[in-house]
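Trainee: What follows is the residue order along each chain.
There are 2 protein chains.
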Amino acid sequence: MPSYTPPTKDMQFILHDVLNVTGSDIPGYDELEADFTSAILEEAGKLTSGVLAPLNVVGDTEGCRLENGIVYTPTGFKEAFEQVKEGGWPGLDMPEEFGGQNMPYVIGTAVGEMFSSANMAFTMYQGLTHGAASAILAHGSQEQKETYLPKMVSCEWTGTMNLTEPHCGTDLGLMRTKAEPQDDGSYKITGQKIFISAGEHDMADNIIHLVLAKIVGGPEGIKGVSLFIVPKFLVNEDGSLGARNGVAVGNIEEKMGIHGNSTCVMNYDGATGYLVGEEHKGMRAMFTMMNEARIGVGMQGLSQAEVAYQNALDYAKDRLQGRDVTGTKNPDGPADPLIVHPDIRRSLMDQKSFAEGARAFILWSATMIDAAHRGEDKDADGIVSLLTPIIKGFLTDQGYDMTIKAQQVYGGHGYIEEWGMSQYTRDARIAMIYEGANGVQALDLVGRKLAQDGGKHVMAFFELVKSFIKDNAGQDEAFDKEFLDPLKAASKDLQAAGMYFMQNGMSNPNNALSGSYDFMHMFGHVCIGLMWARMGKAARAALAGGTSDPDFYETKLATGRYYMARQLPATALHLTRIQSGGDTVMALEAANF
Amino acid sequence: MPSYTPPTKDMQFILHDVLNVTGSDIPGYDELEADFTSAILEEAGKLTSGVLAPLNVVGDTEGCRLENGIVYTPTGFKEAFEQVKEGGWPGLDMPEEFGGQNMPYVIGTAVGEMFSSANMAFTMYQGLTHGAASAILAHGSQEQKETYLPKMVSCEWTGTMNLTEPHCGTDLGLMRTKAEPQDDGSYKITGQKIFISAGEHDMADNIIHLVLAKIVGGPEGIKGVSLFIVPKFLVNEDGSLGARNGVAVGNIEEKMGIHGNSTCVMNYDGATGYLVGEEHKGMRAMFTMMNEARIGVGMQGLSQAEVAYQNALDYAKDRLQGRDVTGTKNPDGPADPLIVHPDIRRSLMDQKSFAEGARAFILWSATMIDAAHRGEDKDADGIVSLLTPIIKGFLTDQGYDMTIKAQQVYGGHGYIEEWGMSQYTRDARIAMIYEGANGVQALDLVGRKLAQDGGKHVMAFFELVKSFIKDNAGQDEAFDKEFLDPLKAASKDLQAAGMYFMQNGMSNPNNALSGSYDFMHMFGHVCIGLMWARMGKAARAALAGGTSDPDFYETKLATGRYYMARQLPATALHLTRIQSGGDTVMALEAANF
Chain V
1 MPSYTPPTKD
11 MQFILHDVLN
21 VTGSDIPGYD
31 ELEADFTSAI
41 LEEAGKLTSG
51 VLAPLNVVGD
61 TEGCRLENGI
71 VYTPTGFKEA
81 FEQVKEGGWP
91 GLDMPEEFGG
101 QNMPYVIGTA
111 VGEMFSSANM
121 AFTMYQGLTH
131 GAASAILAHG
141 SQEQKETYLP
151 KMVSCEWTGT
161 MNLTEPHCGT
171 DLGLMRTKAE
181 PQDDGSYKIT
191 GQKIFISAGE
201 HDMADNIIHL
211 VLAKIVGGPE
221 GIKGVSLFIV
231 PKFLVNEDGS
241 LGARNGVAVG
251 NIEEKMGIHG
261 NSTCVMNYDG
271 ATGYLVGEEH
281 KGMRAMFTMM
291 NEARIGVGMQ
301 GLSQAEVAYQ
311 NALDYAKDRL
321 QGRDVTGTKN
331 PDGPADPLIV
341 HPDIRRSLMD
351 QKSFAEGARA
361 FILWSATMID
371 AAHRGEDKDA
381 DGIVSLLTPI
391 IKGFLTDQGY
401 DMTIKAQQVY
411 GGHGYIEEWG
421 MSQYTRDARI
431 AMIYEGANGV
441 QALDLVGRKL
451 AQDGGKHVMA
461 FFELVKSFIK
471 DNAGQDEAFD
481 KEFLDPLKAA
491 SKDLQAAGMY
501 FMQNGMSNPN
511 NALSGSYDFM
521 HMFGHVCIGL
531 MWARMGKAAR
541 AALAGGTSDP
551 DFYETKLATG
561 RYYMARQLPA
571 TALHLTRIQS
581 GGDTVMALEA
591 ANF
Chain Y
1 MPSYTPPTKD
11 MQFILHDVLN
21 VTGSDIPGYD
31 ELEADFTSAI
41 LEEAGKLTSG
51 VLAPLNVVGD
61 TEGCRLENGI
71 VYTPTGFKEA
81 FEQVKEGGWP
91 GLDMPEEFGG
101 QNMPYVIGTA
111 VGEMFSSANM
121 AFTMYQGLTH
131 GAASAILAHG
141 SQEQKETYLP
151 KMVSCEWTGT
161 MNLTEPHCGT
171 DLGLMRTKAE
181 PQDDGSYKIT
191 GQKIFISAGE
201 HDMADNIIHL
211 VLAKIVGGPE
221 GIKGVSLFIV
231 PKFLVNEDGS
241 LGARNGVAVG
251 NIEEKMGIHG
261 NSTCVMNYDG
271 ATGYLVGEEH
281 KGMRAMFTMM
291 NEARIGVGMQ
301 GLSQAEVAYQ
311 NALDYAKDRL
321 QGRDVTGTKN
331 PDGPADPLIV
341 HPDIRRSLMD
351 QKSFAEGARA
361 FILWSATMID
371 AAHRGEDKDA
381 DGIVSLLTPI
391 IKGFLTDQGY
401 DMTIKAQQVY
411 GGHGYIEEWG
421 MSQYTRDARI
431 AMIYEGANGV
441 QALDLVGRKL
451 AQDGGKHVMA
461 FFELVKSFIK
471 DNAGQDEAFD
481 KEFLDPLKAA
491 SKDLQAAGMY
501 FMQNGMSNPN
511 NALSGSYDFM
521 HMFGHVCIGL
531 MWARMGKAAR
541 AALAGGTSDP
551 DFYETKLATG
561 RYYMARQLPA
571 TALHLTRIQS
581 GGDTVMALEA
591 ANF
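Heads up: the protein sequence lines correspond to chains V and Y, in order. My numbering numbers the first residue of the first sequence as 1 and each following residue consecutively. My numbering numbers the first residue of the second sequence as 1 and each following residue consecutively.
Just so you know, these hints were derived from the structure itself, not from any lab. All figures in this text were calculated on a predicted structure; none of them were measured in a lab. Glycine residues also receive a C-beta, built at the ideal position from the N, C-alpha and C atoms. Some hints could be false.
As the list claims (entries may be wrong) - Below 25 angstroms or equal to it, Euclidean Cα-Cα: the simulated SDA-like pairs (lysine to any residue) are:
1. Y:K145 with Y:S197
2. Y:K329 with V:A587
3. Y:K329 with V:E220
4. Y:K178 with Y:L234
5. Y:K329 with V:A590
6. Y:K481 with V:A587
7. V:K9 with Y:A590
8. V:K456 with Y:V325
9. V:K223 with V:D183
10. Y:K178 with Y:M283
11. Y:K281 with V:R323
12. V:K78 with V:G239
13. Y:K481 with V:L588
14. Y:K9 with V:E589
15. Y:K317 with V:L588
16. Y:K223 with V:D324
17. V:K223 with Y:R323
18. Y:K178 with V:G412
19. V:K223 with Y:D324
20. Y:K178 with V:R323
21. Y:K281 with V:G322
22. V:K481 with Y:A496
23. Y:K317 with V:H167
24. Y:K223 with V:G412
Stated by the list, open to error - Okay, the calculated beta carbon distance ranges per label pair:
25. V:T326 with Y:E220: 17 to 27 angstroms
26. V:K46 with Y:L66: 37 to 47 angstroms
27. V:E418 with Y:M499: 41 to 51 angstroms
28. V:N330 with Y:R448: 17 to 27 angstroms
Could you build all of it, start to finish, from the sequences and the hints given here?
Mentor: Below you can see the structure in the form of structure tokens.
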């Protein structure tokens, strides 16, 4: 049975040593003293390791069950959800006026990682609710906010996102679900939505579906899409639950993983819906949810990599097999532990350096989201917009690979469900697919985000890397060589790729789009490389300042050196592929495959 | 529901255009005329696509069931196994004196790929039997051969390999299963073996277990291991089945995939066993099975990549989503098919160029096995010995990645079990683990095979690449640039890595072992690069000769160009990692992870 230990120490290091949150002028950050954040993280840690993690295998084994229109969640989920609600965790970063605690997003993000590591399928019930609440918060009317948000912030009611239909996923312009205006200002929603996470379940009194649909007679395609609130139970004026609405679960899907989350086919049969925001502007509102969801999904990549790594590490220390070629390490035992073997080390270091780098990347991004939302910092908003597809696409691809590496450490036992390592890979797999498959993220990055606002944000990112290198070079030869030089080389590769797109993408967009996936990955490596350079700097400062915990900081430096030497140079390969152009990729007629 | 189309045309191209089998002087190859091999491949193709492929999902969904000591295979497996036996497929490449058809291994390999693509879990029952029969053929006494082989060659009886115990996988020296000599020359075998594929099932009259055990009083560790035949039912002198032996299935494992194959815990309780070969020389005999099994497992990587790719391709042609950025391709439809999108192309080309390259690599290796076994060619034997860990490790890693890419093409539908794409990834996953986890393959390659016979075989491989380049350069500028130059560069990287190991591995073996995994991968790329260069040459020759099917050969060239431009350059990244040395990998104390 796998276990989970919340990485609170590492989170504290990132928040305080690296990001220096209390030194920031983002509103609310001055309260984030180390003792305060530590108390929150420890408390969340207890809940996640003690209550949620033990239910992870249960959720996978039992799955959800549909009987007579009711979806039953796995044993223990309901009770755990009550504990989560009682602790006020779902509203951690929500406004106080709707019952939240108004904490910065960066704290919600750190806590969210722990929830997701402990039990990804379980955490999605509240994650979807959070996304739906954010959309209502940003685009709903005051009345809608007052009606739905207090119950959603507490997770008394949960939420969903309804985009996909059987014939349309990425291409939402093909949508068929229709909305017919009624005399009372509401709409009748009719159609079928699929892949609706938490679409129906037994843990909440009401479920608030946010549904994309086309108002009859509106514009064709994506321009005719509007967003609606469709509650499972209509809400009376006094806030009590009224009649059952015309929405029902049709089926739950048999999936590769996240069995604990009910993935539903939802049938809307003249269900009453309420327009959110303006007519035909549904995509804008939906993007509020999606951008949040994409960062949350990127975090799922990290979260599964982290917990899988922890278990692989334990196994590598426990399992005795073979001898260290440089000399026996466990002379009294029948063999040495796996961890003595260089190839096991390589795998563990890949995992460790990714997880810690990805955590810094996500928390740094979260501070920029706080800067954008709380401090109205448009530059931060621009960079986050640029980085969102990278967080989603790169971190889920890499996170998945890390779960595979962790499973591999277990040898044959990794393949046996009883040991729990298979679940991490099967759960992590979905993160590469939903909220826009990773190929779509790459397209978003190269086709949209690079040129956004005249390329301003990508230039700002390069400037950020450049000035970090400039500000920190020349103080320590080893740091320059081990951290700054590789970062500079990788950043140069990334810029060369961008240049290639500019010079060749105009004449033939396929030259850019054929390289989009590689570009997303090389950009991700540069981001994590930047994080490791920043962490390396912080570790050096702590050691120079005479820390009482030198092992921790020396370990940081060693882990960073590994990433810079073994992972970051992947940018060169991605550049080679990109520069080979689109013709090789597009050479075949479809019929000749 | 996924489907499978046997790639017989591609196999014929490799056998005849590339490997020119009838032009070889390997005994038996003169019979391999194109019409003859075509007839065999078409016949096997019908059986695999018509009978085995439709049972693949059934096997996954139902799995095996243990009741009162009997393992029931999924619905339809038994009947299909009868058809396989009736067709004589299990004995295709077995000696005629034991009922086989004595065909070259290369034909068995081509047919084996189809069986495995169609239904990997099903095919393992005969695959394990083949391996066990090969071990008896190579190391058993004449009496043992006569007693067991005719029934095993026909698959009337099946076979198993029993190595792993709960506390020992790779490190077989830790083995506890013991063998006590009896007065009649037999042994009493006692112990527990785990992960025994096809250990118990309902498709054969008898199961012949090949079991590694330590004879009581023998040498410690791996040097005290012997190999035994332990039949489920003892065999009377007249060949009829006698008493039930003291071996029983204890449990069947719940696995991530290959649900159709029964993975058993086997308990030996004073079971009667018969020594195979000499006392304490069990590992040598076991390696006969293991080397065969490792190539078979490498083929599983290819086989799952191939069938997953076929289905991804179909989906990419069918599914309408979005528009071609360079101009609508399906103006009468609501959207263009997925295959117009460059990032989908990238994924499909990755899959196609891998599958075809890997097929050539495996069939070429099979010809060298034939040369070694039928022609007693020691050089060929040496190269195959060198390449075996690469075939196993590289092809299963890459094959698995390709199944993930194929699944990704399906978007959300890829995650739903009903669509069948998840099964390919879950089944393919085991191939990276069993028969020696891929890290152990890398260790075998770098720690043992490189220096084998004074490095003779790796030098022979480099010579082979070099002479191919030399013999074919200067005839066509495009071919030089697109095929030979990249192959030369990749081969140079590989040699540089070997040089690094020589110069730095002596002083500290960790410098070599930390790079072993990267070395295995770069070596694999060079092998497939060599195959693409050979295929490119053959395609050019066919086009120059005025083929009636120019599209086929032009497609080959385009696919080869893709591999050379986008995949082969990975060698440079692997070299960078290797040259970064072992210190970065081994920097941390185990306690500091």
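Trainee: Quick one: which hint numbers does this structure break? Sort them smallest to largest.
Mentor: none
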